[in-house]
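Peer 1: So the protein lines, in turn, are chains H, C, P, X, Y and U. Just so you know, we're using the UniProt record's numbering here: the first sequence kicks off at 1 and counts up by one. Just so you know, we're using the UniProt record's numbering here: the second sequence kicks off at 1 and counts up by one. Just so you know, we're using the UniProt record's numbering here: the third sequence kicks off at 1 and counts up by one. Just so you know, we're using the UniProt record's numbering here: the fourth sequence kicks off at 1 and counts up by one. Just so you know, we're using the UniProt record's numbering here: the fifth sequence kicks off at 1 and counts up by one. Just so you know, we're using the UniProt record's numbering here: the sixth sequence kicks off at 1 and counts up by one.
It cannot be assumed that every hint is accurate.
It does not matter which identical chain is used: a pair holds within one copy or between any two.
[Stated by the list, open to error] Listed below are the simulated PhoX-like cross-link pairs for lysine-lysine, each with C-alpha atoms no more than 25 Å apart in a straight line: (1) 168 with 54; (2) 201 with 280; (3) 261 with 54; (4) 237 with 212; (5) 52 with 201; (6) 105 with 218; (7) 168 with 105; (8) 5 with 212; (9) 52 with 5; (10) 280 with 105; (11) 280 with 54; (12) 55 with 280; (13) 5 with 261; (14) 105 with 237; (15) 237 with 5.
Hints in this document: simulated from the structure, not taken from any laboratory. All values derive from a computational prediction rather than experimental measurement.
Number of protein chains: 6
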Amino acid sequence: MYFYKEDLINIIVPDRPDPAAAKVIQETLGGQFGEMRTMMQYFFQSANFRGKDKKYRDLIRGVFIEEISHVELVQTTINELLNGSGYTEAGDAGVDGAPLDEAIKHANPHHYIMAAQSSLPVDAGGNPWNGSWVYSHGNLIADLLNNVVLESTGVLQKSRIYEMSSNKTFRETLAFLMVRDNAHQNAFAKALETLGVDWGKLFPIPNYDLNKYPECRKYVELGYHNAQFNFRLDETKIGEIFQGASPSRSQGQLQVTDPPKGFSIPELPEMPNEHSPGLKDMNS
Amino acid sequence: MYFYKEDLINIIVPDRPDPAAAKVIQETLGGQFGEMRTMMQYFFQSANFRGKDKKYRDLIRGVFIEEISHVELVQTTINELLNGSGYTEAGDAGVDGAPLDEAIKHANPHHYIMAAQSSLPVDAGGNPWNGSWVYSHGNLIADLLNNVVLESTGVLQKSRIYEMSSNKTFRETLAFLMVRDNAHQNAFAKALETLGVDWGKLFPIPNYDLNKYPECRKYVELGYHNAQFNFRLDETKIGEIFQGASPSRSQGQLQVTDPPKGFSIPELPEMPNEHSPGLKDMNS
Amino acid sequence: MYFYKEDLINIIVPDRPDPAAAKVIQETLGGQFGEMRTMMQYFFQSANFRGKDKKYRDLIRGVFIEEISHVELVQTTINELLNGSGYTEAGDAGVDGAPLDEAIKHANPHHYIMAAQSSLPVDAGGNPWNGSWVYSHGNLIADLLNNVVLESTGVLQKSRIYEMSSNKTFRETLAFLMVRDNAHQNAFAKALETLGVDWGKLFPIPNYDLNKYPECRKYVELGYHNAQFNFRLDETKIGEIFQGASPSRSQGQLQVTDPPKGFSIPELPEMPNEHSPGLKDMNS
Amino acid sequence: MYFYKEDLINIIVPDRPDPAAAKVIQETLGGQFGEMRTMMQYFFQSANFRGKDKKYRDLIRGVFIEEISHVELVQTTINELLNGSGYTEAGDAGVDGAPLDEAIKHANPHHYIMAAQSSLPVDAGGNPWNGSWVYSHGNLIADLLNNVVLESTGVLQKSRIYEMSSNKTFRETLAFLMVRDNAHQNAFAKALETLGVDWGKLFPIPNYDLNKYPECRKYVELGYHNAQFNFRLDETKIGEIFQGASPSRSQGQLQVTDPPKGFSIPELPEMPNEHSPGLKDMNS
Amino acid sequence: MYFYKEDLINIIVPDRPDPAAAKVIQETLGGQFGEMRTMMQYFFQSANFRGKDKKYRDLIRGVFIEEISHVELVQTTINELLNGSGYTEAGDAGVDGAPLDEAIKHANPHHYIMAAQSSLPVDAGGNPWNGSWVYSHGNLIADLLNNVVLESTGVLQKSRIYEMSSNKTFRETLAFLMVRDNAHQNAFAKALETLGVDWGKLFPIPNYDLNKYPECRKYVELGYHNAQFNFRLDETKIGEIFQGASPSRSQGQLQVTDPPKGFSIPELPEMPNEHSPGLKDMNS
Amino acid sequence: MYFYKEDLINIIVPDRPDPAAAKVIQETLGGQFGEMRTMMQYFFQSANFRGKDKKYRDLIRGVFIEEISHVELVQTTINELLNGSGYTEAGDAGVDGAPLDEAIKHANPHHYIMAAQSSLPVDAGGNPWNGSWVYSHGNLIADLLNNVVLESTGVLQKSRIYEMSSNKTFRETLAFLMVRDNAHQNAFAKALETLGVDWGKLFPIPNYDLNKYPECRKYVELGYHNAQFNFRLDETKIGEIFQGASPSRSQGQLQVTDPPKGFSIPELPEMPNEHSPGLKDMNS
């Protein structure tokens with residue numbers, strides 16, 4: 001069973017609205033290698049786990065639980081990027097002009113038509129998230145290798161998306177997730193090490209240096225690239241795998257730690273012109 | 001942030017393997033009105049919430065957190081229904097015969113080809129779960145009405161799926177979820193009552209009598225149809241809505257309660273013929 | 001604007017329930033070459049028509065209007081095939097047993113889970129109808145050729161589906177539509193004749209003899225293979241194309257005629273166990 | 001059976017070409033809450049209707065028939081918005097330059113590649129219309145509630161799309177449809193009133209004031225928000241539901257009336273450079 | 001069995017990067033009427049061929065083999081259009097600024113997120129290629145007619161895409177393919193002539209004059225519009241159909257010839273910022 | 001450019017018709033981990049290759065070319081399994097009875113409705129092949145790892161499908177492909193070895209013993225699990241990678257060899273009742 005505390009796993013840094021950035025970071029939420037995919041893939045792999053060697057199940061499940069918080073972080077980031085991008089303060093639904101005419105120029109139009117300027121379960125091209133992307137084939141080694149590919153591709157994509165806007169809200173979230181993807185890549189690579197693989201200098205994939213991303217540095221200093229946050233309220237064997245030397249060239253020791261302290265969720269203002277939430281006069 | 005305790009929200013009652021039942025109950029997991037839809041819909045609605053009237057956000061989020069446990073319950077139910085449905089104990093991958101020849105006759109072939117006889121993120125027809133089903137339009141009233149339709153259709157479908165097999169594993173899970181759908185229907189209907197609607201005798205939808213389902217009775221006696229389990233580790237305003245008389249004709253008083261105590265997850269045996277988990281000899 | 005009279009375009013011949021037949025004839029409703037496709041393709045082609053040569057637009061639109069009635073005919077046929085296929089008269093939702101256990105063996109499970117034993121906008125494989133199938137490319141010649149392929153494939157598929165059950169409800173509808181497809185094939189082939197093509201012995205495609213299908217004969221005798229029913233309440237130039245010798249080897253003269261007199265729609269009984277329509281007690 | 005008179009249900013107001021507006025108003029045609037969805041949903045609900053209480057079937061069918069005309073109105077609106085948006089009068093296919101280079105900047109490229117600058121069965125993101133969106137579950141109350149959500153969401157989306165361009169062709173069609181959506185919302189809400197619901201101040205959803213939209217006012221003055229146009233050529237029981245006080249706060253009395261008088265369909269010019277219709281020289 | 005020689009079937013003319021052109025020419029690669037469709041459709045039609053009249057199978061297969069080279073030509077064209085469109089030479093992943101900010105304005109964002117600035121199996125709207133587009137219905141006449149529609153639509157779309165950019169890389173490839181589509185249209189039209197059809201003045205569809213496209217002229221002078229390249233290493237009966245007078249008004253004699261001599265594939269430079277290929281330091 | 005010789009890459013062993021086997025082996029043709037996926041993935045990866053280290057491109061392209069022959073082998077296998085599965089010799093389209101009634105019981109209905117009893121570009125569940133499955137992300141290491149997962153999953157699925165029928169046509173093709181998948185798994189694993197990975201005892205994935213499959217033994221004796229067939233008509237650097245000790249525990253030396261000698265393609269008989277090919281009387 002799952003429990004919740006109303007905290008984000010990382011900070012939302014405020015910056016200007018940026019609908020084009022919101023469009024492309026949707027890949028990180030609802031794309032084939034985004035957080036919804038990692039969340040659901042590890043959910044199915046851990047629920048469908050076979051056999052007695054529970055340390056692998058605990059590892060996969062441990063990452064799964066964190067991914068739920070990642071989904072929430074990206075949803076909130078998109079909301080922040082879209083908030084205030086259309087109507088002016090004084091905008092009124094029936095007046096002349098077309099307050100969204102400019103806003104949708106390089107935006108995903110569904111952000112405005114469907115979602116009241118908030119996140120959607122779609123990718124950067126507007127394609128909806130699809131269950132056929134989940135890989136859970138029951139062979140533990142194939143599953144772990146696929147997870148390595150998934151985490152590697154996730155960070156590869158993020159390193160490209162990062163170049164699409166200098167918006168601070170956008171880059172901070174991407175930077176945090178790139179560091180965490182590194183940790184999760186380490187987790188699955190390490191699990192394969194327990195089965196006898198010696199990775200040599202292969203990791204990290206792609207071959208990036210987190211310290212070149214200014215926003216990443218503080219997370220590296222906190223050791224987040226080598227930490228596995230523990231969200232279990234009971235015992236877990238995750239530490240039997242996630243320990244010892246990192247399989248990445250960035251080195252360091254892997255360590256199971258407490259989660260971050262939690263960050264508050266920004267409050268989205270009402271948008272009467274968008275009928276959102278739509279309660280005005282209803283309560284009067 | 002999300003936390004986990006390795007417990008199922010309800011019991012898995014053992015019975016014989018039943019791949020045809022596994023196929024149709026996939027609708028309850030990955031169908032358009034299944035638990036993955038409810039989980040993701042309430043996740044997006046609560047993350048995208050606008051305005052200060054947080055009791056509605058807390059209500060939607062409260063149901064969302066329970067739905068994660070529902071997804072896990074249905075995954076586990078499908079695994080139990082498929083377990084042992086193919087190979088014999090002595091079955092061996094290279095021997096003569098075709099141990100899965102009979103098993104796939106009325107089954108979803110992907111249960112055997114992809115999933116090592118376990119659950120998939122698809123519906124009863126084998127179509128993958130799709131993000132376009134999530135309804136989160138930002139107008140709170142429209143969102144709540146859609147949630148009422150979603151819960152009503154969920155229980156309507158379950159009452160039909162229930163008739164497709166007398167398997168006990170299958171029916172127990174369906175029965176538990178039908179009672180919980182009733183509670184969630186009450187939750188969203190009640191939220192609309194706070195906005196002035198008087199539902200008359202409309203609920204429950206469909207017009208069923210839970211007591212006619214033998215497996216449901218004990219859950220009704222426990223008051224599960226009028227309870228909202230609270231999975232929050234911090235404060236919540238859900239009780240400002242979920243209280244007072246039930247909007248259903250079944251009557252009773254709505255009440256926020258502790259979650260069930262939790263049930264253990266059955267261990268799935270290894271299947272060497274299916275190379276699942278595939279560790280044999282790797283560790284030697 | 002569109003007007004309606006509550007009549008079917010052909011008779012529904014009663015026979016036993018046949019869920020497997022209902023499953024495969026869905027191809028004729030919601031498949032890539034089914035009646036929903038023809039209806040929507042001709043709708044878009046006529047609405048998007050360019051230029052002054054309106055006899056072509058009137059021809060396409062004339063076929064479009066009839067296709068709406070075809071969709072209704074196939075929906076009703078499917079309903080008749082499914083009706084009574086599950087529960088017994090005395091069946092009751094909560095009793096022991098599983099009244100749908102046998103029904104779904106070779107059926108589309110969504111006919112029972114979603115549709116209360118009635119028609120769905122899907123094909124024989126359960127895939128939903130898809131707008132990308134509509135061909136309306138604006139080049140009249142390419143559009144007409146595609147329409148010839150569409151009608152030819154429609155009747156080719158029906159001649160194969162016909163062999164999948166001897167059910168009378170099923171075969172009567174298929175037979176009527178095969179004859180009408182022949183007429184529509186003639187319509188588009190004739191339109192291409194006005195542009196200079198001489199088809200030789202190419203038609204009909206496939207090279208079938210309608211008179212070998214016992215159910216078809218009466219429609220051939222009524223001249224339905226060479227008739228274009230006129231559903232216009234105002235003037236139409238369709239007769240400028242649909243006239244003269246048939247382009248098919250079956251010969252005869254093409255002629256615009258009045259529609260059939262109309263047939264009554266069978267009333268579907270209530271299904272309290274399916275909560276369909278779900279009004280019981282609501283009105284009391 | 002269905003009959004046709006070559007008239008649009010509302011006027012097409014001329015204005016400049018606007019491909020970006022054409023792109024977003026596709027949501028109203030082929031989107032999940034657009035006119036193709038309402039048309040097909042009510043088509044299936046009325047064809048699959050069970051039981052003797054025919055006034056509900058007549059209501060659903062009555063709205064369905066009007067929706068066919070709505071689809072045609074939006075198709076024609078899109079054609080008008082795209083017409084003249086690319087080639088100059090003197091444009092010639094083989095000359096230097098790239099006449100469509102600018103046109104596609106904020107357009108749906110398929111409007112130019114597939115559709116000869118005319119409408120497509122897709123949404124604002126270019127996703128094709130999909131049959132899985134049709135809700136026809138056989139439980140009349142669930143169907144009616146879903147119809148309320150569908151009409152409410154339709155008008156909510158239109159009120160947002162309206163802000164995306166001040167083009168008159170675009171806004172006039174949206175305004176007419178917003179008023180009609182209000183009438184259809186009233187129809188389904190009223191049907192639920194006959195089953196005992198008291199809506200209080202819930203309607204309209206969203207909580208908009210039609211009179212703030214300048215183009216809407218004349219339709220409100222004509223009473224179109226409280227009228228149900230009758231397209232039946234035979235008897236109908238629709239008036240047994242659609243009568244009495246409006247369930248919306250806008251008040252007034254519901255009334256079944258004759259349809260609008262009909263408006264002529266603008267003729268689209270030939271586009272030789274687009275080979276549309278492609279007849280030039282063929283007839284010579 | 002299939003064999004390969006590392007040569008392109010036509011030249012890649014160098015020009016400036018043009019991501020908007022890359023986006024729209026994806027239709028020619030992965031669209032419903034693009035080269036992947038023709039390749040796979042003729043693959044299935046020839047593999048599934050029935051009966052002894054092998055000249056038709058050889059014709060279809062002959063076109064299929066050429067289409068593999070067409071797919072490769074369009075992939076390479078897209079790569080050339082995207083190459084150099086983002087990062088500057090000195091660009092570095094972690095520096096300030098956002099090197100892709102401008103590049104993605106009118107681009108397909110997946111060209112940058114997924115494909116390291118290279119081709120994807122999608123259409124101009126970003127929709128993935130789909131197997132349901134393949135038409136192989138087993139009736140040879142219907143298959144041939146569908147192939148005529150496919151080739152006609154392919155060239156119709158290319159004549160429209162051609163107008164979307166004056167980029168030389170883009171137009172040269174389109175021009176070559178338009179001439180080859182004409183040859184393939186002739187091939188299938190001629191096959192239908194052997195079955196008795198007299199096409200009159202119907203072809204080419206659309207009614208274009210290849211000589212008006214400057215880039216096409218040289219290919220017309222080489223006779224490519226009336227030639228069928230032979231890629232068979234054994235005997236083929238294709239010449240029994242592809243001979244005699246062209247069915248197009250452009251006239252000339254059809255002739256089976258040797259393939260073009262082959263053109264070298266441009267080398268794509270490494271992109272360290274894109275981690276592509278990602279080998280740097282790995283080999284050190 | 002691509003060249004062709006009309007030979008299959010392996011033998012088609014005759015056996016009885018088996019439509020259920022045809023249905024499930026479609027996964028190997030059009031499934032997410034089937035031969036169409038491997039073919040298109042390696043096509044895109046080799047066409048989009050960046051940089052000067054051409055031995056990797058040659059390796060990927062070499063496997064791609066073989067995969068075209070694999071697609072043809074599975075198409076032909078499916079045709080053989082379906083051939084004769086419906087109509088009797090004397091079957092006649094118009095007679096009483098329903099010759100396909102039994103055939104479709106456990107079959108994919110589209111094999112009979114669309115494909116004239118032959119192969120389709122779909123998976124075992126009837127879902128069409130989809131371009132979004134192609135992984136070509138431009139990072140060579142991630143691409144190679146994904147290829148390892150793809151080949152491993154391909155053989156894992158085949159080892160499960162193998163158990164679904166004892167049909168000889170079916171098993172012979174599966175056995176040949178399992179051995180070839182092993183060779184391709186070796187190819188990509190070896191490429192990663194050149195980048196420093198030491199796989200230990202990880203391969204093969206899954207952990208199977210080819211010699212337990214009776215049909216596999218002769219291919220193992222021929223050394224097919226350690227051979228890379230060379231289909232290039234010019235030079236290739238594939239041998240710079242594909243050489244030395246196998247990365248699998250099955251051991252042996254990797255070696256580039258000539259392709260198999262080729263096997264004749266069985267001729268499919270005409271099916272007049274299916275109008276396939278549909279030429280009867282057309283040529284008279």
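Peer 1: Work down the list of hints and note, for each, if the structure agrees.
Peer 2: Now the hints, each set against the structure:
Proximity of residue 168 and residue 54 under a CA criterion of 25 Å is satisfied in neither setting, with 41 Å inside one chain copy and 28 Å between copies. Within a single copy, residue 201 and residue 280 get their C-alpha atoms only as close as 60 Å, which misses the 25 Å cut-off; across copies the closest is 11 Å, which meets it. Within a single copy, residue 261 and residue 54 get their C-alpha atoms only as close as 28 Å, which misses the 25 Å cut-off; across copies the closest is 23 Å, which meets it. In this homomeric assembly, residue 237 and residue 212 never come within 25 Å of each other (Cα to Cα): the closest approach is 34 Å inside a single copy and 36 Å across copies.
Taking CA atoms no more than 25 Å apart as the test, residue 52 paired with residue 201 passes between copies only; the shortest distance there is 21 Å, against 32 Å inside one copy. Taking the closest pair of Cα atoms, residue 105 and residue 218 never come within 25 Å of each other, the shortest separation being 35 Å inside a single copy and 31 Å across copies. Both within a single protomer and between protomers do residue 168 and residue 105 lie at most 25 Å apart by alpha-carbon distance, with minima of 21 Å and 19 Å respectively. Taking identical chains as interchangeable, the C-alpha atoms of residue 5 and residue 212 are never at most 25 Å apart, the minima being 33 Å within one chain and 38 Å between chains.
In this homomeric assembly, residue 52 and residue 5 come within 25 Å of each other (Cα to Cα) only across copies, at 19 Å, whereas the closest approach inside a single copy is 32 Å. When the C-alpha separation of residue 280 and residue 105 is checked against a cutoff of 25 Å, the pair qualifies neither within a copy, at 30 Å, nor between copies, at 37 Å. For the homomeric pair residue 280 and residue 54, the shortest alpha-carbon distance between copies (15 Å) is at most 25 Å, but the shortest distance inside one copy (52 Å) is not. Taking the closest pair of Cα atoms, residue 55 and residue 280 come within 25 Å of each other only across two copies (16 Å); inside a single copy the shortest separation is 52 Å, beyond that limit.
In this homomeric assembly, residue 5 and residue 261 come within 25 Å of each other (Cα to Cα) both inside a single copy, at 11 Å, and across copies, at 20 Å. For the identical chains of this complex, residue 105 and residue 237 are neighbours neither inside a copy (50 Å) nor across copies (40 Å), given an alpha-carbon limit of 25 Å. When the C-alpha separation of residue 237 and residue 5 is checked against a cutoff of 25 Å, the pair qualifies both within a copy, at 24 Å, and between copies, at 13 Å.
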